[in-house]
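Undergrad: Sequences and hints are given; from them, build the entire structure.
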Amino acid sequence: MPKASAVSVLIVDDQQSMRGICKYILTQLGFKDIIEAKSGRDALTKLEKTSVDLIISDWNMDDVDGLTLLKVIRKHPRTQALPFIMATGRSDKEQVKEAIECGVNNYIIKPFDAATMKKRIEAVIGALS
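Those letters in the sequence shown? Residues 1 to 129, per UniProt numbering, in order.
Label pairs and their calculated CB-CB ranges: (1) Glu101 / Asn60: 16 to 26 Å; (2) Val124 / Gln95: 10 to 20 Å; (3) Met1 / Asp92: 27 to 37 Å; (4) Asp92 / Ala6: 27 to 37 Å; (5) Met1 / Ala115: 10 to 20 Å; (6) Thr27 / Glu98: 24 to 34 Å; (7) Lys93 / Ser5: 33 to 43 Å; (8) Lys3 / Lys93: 31 to 41 Å; (9) Glu94 / Val124: 20 to 30 Å.
Quick caveat, the hints were computed from the structure, so don't treat them as lab data. Heads up, the beta-carbon is just placed ideally off N, CA and C, and yes, glycines get one too.
TA: Below, the structure written as structure tokens:
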């Protein structure tokens, strides 16, 4: 059982308000090591300098979107097994299917609350202690 405070999380979203909400929820769940990225490109730059245990990324972003970020992460040996949760405002079955084919571990529909976020994270990394 991983301890939330020992898990580092990278939040990727081009909207500062969504990063803030996500960070607030993660903090409520006990996470302390939270890194924010404002785009897929920003996330890739941060991943070159530091390692994380979990990525929660928005799908729709300018520059490098969440699906492209996922594809790049899955191709790199150091990050290919990194747990990845996709956040999206749409529950489009085709979109979800595409993300699964590209190796996403789970997805969450926005808006979400702390209980939903906890369930999605635990489904990917195991029950939090």
